[in-house]
Amino acid sequence: MSKSIPVKQTATGDQNPRIGVYVCHCGLNIAQSVDCAHVAQTVEQEDGVVVSKDIVYACSEPGQQQIKQDILDNDIDRVVIASCSPRLHEPTFKKMVESVGVNPYMMDMANLREQCSWVHMHEREEATLKAETLVHMSIARVRQLEPLIEDTLPLTAKTLVIGGGVAGIQAALDLADSGYDVTLVEKSPSIGGVMAQIDKTFPTMDCSI
Amino acid sequence: MTDVGRHPRIQLLTLSEVVDVKGYVGNFKVKIIKKARYVDETSCTACGDCANVCPVVRPDEFNIGLGSRKAIFSPFPQAVPSAFLINSKECLGHNPAVCSKCVEVCAKKCINFHMSDEEIIEEVGTIIVATGLTPYDPTELDEYGYTRFDNVLTSLEFERLVNASGPTKGNLIRPTDRKHPKSVGFIQCVGSRSARKGGLYCSNICCMNTIKSTFIIKEHYPDVEVKVFYIDIRAFGKGFEDLYSRSRRMGAQYIRGLPGSVEETDDRSLRVAVENAATGKLEFHELDMLVLAQGMKPAPSTQRLQEIMGLQLTPDGFYLEAHPKLQPVDAATRGIFFAGCAEGPKDIKESVTQASAAAMRAIRLMCKGEITTEPITSVIITEKCKACGKCSEVCPYNAITVEVKNKKPAVVNSAACSGCGTCSAECRFDAISMNHFTDAQIMGQVDSMLETAPETKILAFACTWCSYAGADYAGVSRLQYPPNVHLIRVMCSGRVDEKFIWDGFRKGAPVVLVSGCHIGDCHYIDANHWTEKRVARIHKKMEKIGLRPERLQLEWISAAEGIRFAETMKRMEKIRQTITAEEIAETQNILSKL
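Note that the protein sequences, when read in sequence, are chains B and U. Sequence positions in the first sequence follow our numbering and run -1 to 207. Sequence positions in the second sequence follow our numbering and run 324 to 917.
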């Protein structure tokens, strides 16, 4: 599936952005303290927003399908996902938008779970208000986003393993057996670590070395 | 172990330490110091002739001092590399050569007193940190008498005592009289699960290690009385419960309650006082030997390596993974992975599993032969650049070159640029744009946040690596804080431009917080030094124009400090409550005139 989305690149952002906003319930993780449907409704009228919906699980397969279909149907060129922390699912949603021809850097996430519903669990009204502001901020941000292209660099196909205990040994062997060069650095005069000091090991009572 | 020594693809560097790591994923440059061994490890056959003639006898570290070794020694029989080494501090012959008996007997001529430390530079694409653990030292728990009574041992000392390759060849004897003990006690959770001393966490292996020890004792000496003093027995793994019930069936007694005190009797046995939680009574147990099930602490090198590589630690001192469930072996820094107890206490099986996972993650990165880089880099707007050279001064990666004398505008090496954005924030001519974190994008967020009821809101900037992650951690821990805090994520606190802050105040923000990694922990080497300087500069300006400097706060919050994040937010709200509508209006008035 390839579709070229015309993205005008100007210093002040696109003049006619077409924004899709998705407010995720994350089951009850977000929805129990944030009125997601209300948030989606509130931001619907904002400049450039062509679709604004609440969605039970944005990251799930049906959730992603729906967003992708909306992008195609409505010529959406930038997306706001209001769900969990971008530290968790940013790669997921970047891939999702990319698969329907939207540059992955034209997507922004509003953190409604780790930084809203979970930390204001007993203040539904205030949490909903904050969620609205966070989504509003995210919309302001995506208006200004510009497409970016990832670069590739050469790499050294070699691994440094620091520590020659049982973990370092196993990692070094797995890498080396897979055809990668390994430098194993051990502080003491022999590898083996604490494991080498142990004779029988639980639960099978066999030897460790 | 021997497979490692033989493997053609593994370069093994023992007696070596990593002292510096530079570069980025795919292209790390590592400096390693390899200490002199004074024995050529490629020609040494470990025949032991040298050790036989060596006159210096020292306690053997491998047997935790329960045995002895010479100044020239092999750490243990199965050591890899299978070569002797000299402890130069103990050797008599090193300088001046007064002994050199070992040199005379070595047929292969592999002893060389003139060997010196080597500096090795390695270029690698990925790094696996498997620095392991250090056993908890129970000295501070004086009630158990570890330093006062010779028959109180740690679990690792006990292990060497019953180990077939140990100093007694596995023969269980008491250190004081070398007789078989008739009774052995074990105290659990030594240095673990304690708010007082040691660590708050469970060390994971001690219960099963003790159960294993009771099993070994009962197997070899069925008549020995075995008593285990515990809080809970955690036998959760595959096959663990079975071993536990077998140990009970073999006659090991499990007594719920940790001893309050240990005293030595006349025959150097130990009298243990314990409140048995099952009966609620104070009991006294006489035992010939007592074993302290010591917990795990992070390896001593953990903090040093953390600083060198810009990694993060949990409050317990172990390395912090990028995500506790979905990226359990990844560091937050791309291309660095954790394996084994470096990341937290675990047993051999779990260490091996995690090590294979870490190897897999490293292969996944390297298998394509090239690495994709984030286009989040800085871009020079040449027509605005005055070639002042400030950007090149502040760049932690020396990625910007400016010919100040020839007034040639700045040039960014985007492969070296890591995207902290400090240059963009420090440029006085707005001549540097930061991809994906442009002025327009960030100011758009600030302005939209403060569009309605700005006086009720707190504006906070957080770096993605530490403070934003700390906020996420507060969320995962369900720590509640005032709902008027709104975070704007930047890659580094170094990106927070002065104008974002003034813009915030101009739009009516009562309080602005800038937060980032602790000094020394910055993901961009030392970019947060510039944050600190910048905030100090703004504070001075605020004072000069009549704004209360308290309204701009700077706080370092790490990814593991969820509690600190929540507490900081509560403090911000307290400050906000001291700011009246009049004060905000006055601020806006002052700033509009500038």
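Heads up, some of the hints might be wrong.
[Stated by the list, open to error] Subject to a maximum C-alpha distance of 27 angstroms in a straight line, what follows is the list of computed DSSO-like cross-link-like pairs (lysine-lysine): (1) K541/U x K492/U; (2) K713/U x K93/B; (3) K691/U x K93/B; (4) K156/B x K672/U; (5) K432/U x K185/B; (6) K561/U x K198/B; (7) K92/B x K691/U; (8) K185/B x K354/U; (9) K156/B x K822/U; (10) K354/U x K198/B; (11) K822/U x K864/U; (12) K156/B x K352/U; (13) K156/B x K691/U; (14) K357/U x K156/B; (15) K492/U x K156/B; (16) K561/U x K713/U.
[As the list claims (entries may be wrong)] Partial selection, computed: residues in chain U whose CB lies under 10 angstroms from chain B: (17) V327; (18) P378; (19) V379; (20) V380; (21) L408; (22) V447; (23) L479; (24) A487; (25) M531; (26) E697; (27) F752; (28) Q768; (29) I842; (30) G843; (31) I898; (32) I902.
[Unchecked claim] Estimated spans, in silico, between C-beta atoms of each pair: (33) G560/U x D45/B: 26 to 36 angstroms; (34) L70/B x E630/U: 34 to 44 angstroms; (35) L70/B x L649/U: 38 to 48 angstroms; (36) G869/U x S58/B: 49 to 59 angstroms; (37) R122/B x G869/U: 34 to 44 angstroms; (38) S58/B x Q803/U: 26 to 36 angstroms; (39) E630/U x D45/B: 29 to 39 angstroms; (40) C370/U x E148/B: 29 to 39 angstroms.
Note that these hints are calculated values from the structure, not bench results. Just so you know, even glycine gets a beta-carbon here, dropped at the ideal spot from N, CA and C.
Against the structure, the hints:
Taking the CA atoms of K541/U and K492/U, the gap is near 17 angstroms; set against the 27 angstroms cutoff, the hint holds. For the suggested pair K713/U and K93/B, the alpha carbons sit about 37 angstroms apart, so the restraint of at most 27 angstroms is broken. Under the criterion of a C-alpha separation no larger than 27 angstroms, the hint pairing K691/U with K93/B is consistent with the structure, at around 18 angstroms. For the hint pairing K156/B with K672/U, the CA-to-CA distance comes to about 26 angstroms; that is within 27 angstroms, so the pair holds.
Restraint check: the Cα-Cα separation between K432/U and K185/B comes to about 25 angstroms, which is no more than 27 angstroms; the hinted pair holds. At roughly 17 angstroms between alpha-carbon atoms, K561/U and K198/B fall within 27 angstroms of each other, so this suggested pair holds. Using a Cα cut-off of 27 angstroms, the hinted pair K92/B and K691/U holds, with the two alpha carbons roughly 20 angstroms apart. The hinted pair formed by K185/B and K354/U meets the criterion: a straight-line CA distance of about 14 angstroms does not exceed 27 angstroms.
Proximity of K156/B to K822/U is assessed by CA-CA distance (about 44 angstroms); at most 27 angstroms being required, the pair is judged violated. As the CA atoms of K354/U and K198/B are separated by approximately 37 angstroms, the hinted pair breaks the 27 angstroms bound. With a C-alpha separation of about 13 angstroms, the suggested pairing of K822/U with K864/U holds against the 27 angstroms cut-off. Taking the CA atoms of K156/B and K352/U, the gap is about 11 angstroms. The hint holds against a cut of 27 angstroms.
Between K156/B and K691/U, the direct Cα distance comes to roughly 13 angstroms. Compliance with the 27 angstroms bound is thereby established for this hinted pair. Proposed proximity of K357/U and K156/B is supported: the alpha carbons are some 19 angstroms apart, at most 27 angstroms. Pair hint K492/U plus K156/B does not hold up; C-alpha atoms about 41 angstroms apart against a cutoff of 27 angstroms. Note on K561/U and K713/U: the hinted pairing is violated, with a Cα-Cα distance of about 60 angstroms set against a maximum of 27 angstroms.
Of the supplied interface hints, the one on V327/U holds, with its beta-carbon coming within about 6 angstroms of a beta-carbon of chain B, less than 10 angstroms. A distance limit of 10 angstroms between C-beta atoms decides the matter here; for P378/U the minimum to chain B is near 21 angstroms, and the interface restraint is violated. For V379/U, the interface hint is violated, the least distance from its beta-carbon to any beta-carbon of chain B being 16 angstroms, above 10 angstroms. Interface hint at V380/U: violated, since its Cβ lies 18 angstroms from the closest Cβ of chain B, which is beyond the 10 angstroms cut-off.
Using the Cβ-Cβ criterion of 10 angstroms, the hint placing L408/U at the interface with chain B is satisfied: the shortest such distance is roughly 5 angstroms. Evaluation of the V447/U hint against chain B yields a held restraint, the C-beta minimum of about 4 angstroms falling below 10 angstroms. Because the smallest distance between the Cβ of L479/U and any Cβ of chain B comes to about 7 angstroms, under 10 angstroms, the interface hint for this residue holds. Contact between A487/U and chain B, as hinted, is supported at the beta carbon level, the nearest pair being about 6 angstroms apart and thus within 10 angstroms.
The criterion of a C-beta within 10 angstroms of any C-beta in chain B is met by M531/U, whose closest approach is roughly 4 angstroms, and the hint holds. Given the 10 angstroms rule on beta carbons, the hint for E697/U holds: about 7 angstroms separates it from the nearest Cβ of chain B. At about 15 angstroms, the closest approach between the beta carbon of F752/U and any beta carbon in chain B exceeds 10 angstroms, and the interface hint on this residue is violated. The criterion of a C-beta within 10 angstroms of any C-beta in chain B is met by Q768/U, whose closest approach is roughly 4 angstroms, and the hint holds.
Taking 10 angstroms as the C-beta cut-off, the interface hint given for I842/U is violated, the closest approach to chain B being about 22 angstroms. With its C-beta approaching chain B no nearer than about 20 angstroms, G843/U sits outside the 10 angstroms limit, and its interface hint is violated. The beta carbon of I898/U comes no nearer than 19 angstroms to any beta carbon in chain B, farther than 10 angstroms, and the hint placing it at the interface is violated. Violation of the interface hint for I902/U is found here, the shortest Cβ-Cβ separation to chain B being roughly 19 angstroms, above the 10 angstroms cut-off.
The hinted range of 26 to 36 angstroms is not satisfied by G560/U and D45/B, whose Cβ atoms lie roughly 57 angstroms apart. Between L70/B and E630/U, the C-beta spacing of about 49 angstroms breaks the proposed range 34 to 44 angstroms. Separation of L70/B from L649/U is about 29 angstroms and departs from the stated range, judged on CB atoms against 38 to 48 angstroms. The supplied range of 49 to 59 angstroms is met by G869/U and S58/B, whose beta-carbon atoms lie about 54 angstroms from each other.
Hint check: R122/B to G869/U, Cβ distance near 40 angstroms, so the stated range 34 to 44 angstroms holds. Evaluation of the 26 to 36 angstroms hint for S58/B and Q803/U yields a pass: the beta carbon distance comes to about 28 angstroms. A hinted range of 29 to 39 angstroms for the beta carbons of E630/U and D45/B is inconsistent with their spacing of about 47 angstroms. Under the hint 29 to 39 angstroms, the C-beta atoms of C370/U and E148/B, about 57 angstroms apart, miss the expected range.
Against the hints set out earlier in the document, violations occur for numbers 2, 9, 10, 15, 16, 18, 19, 20, 27, 29, 30, 31, 32, 33, 34, 35, 39 and 40.
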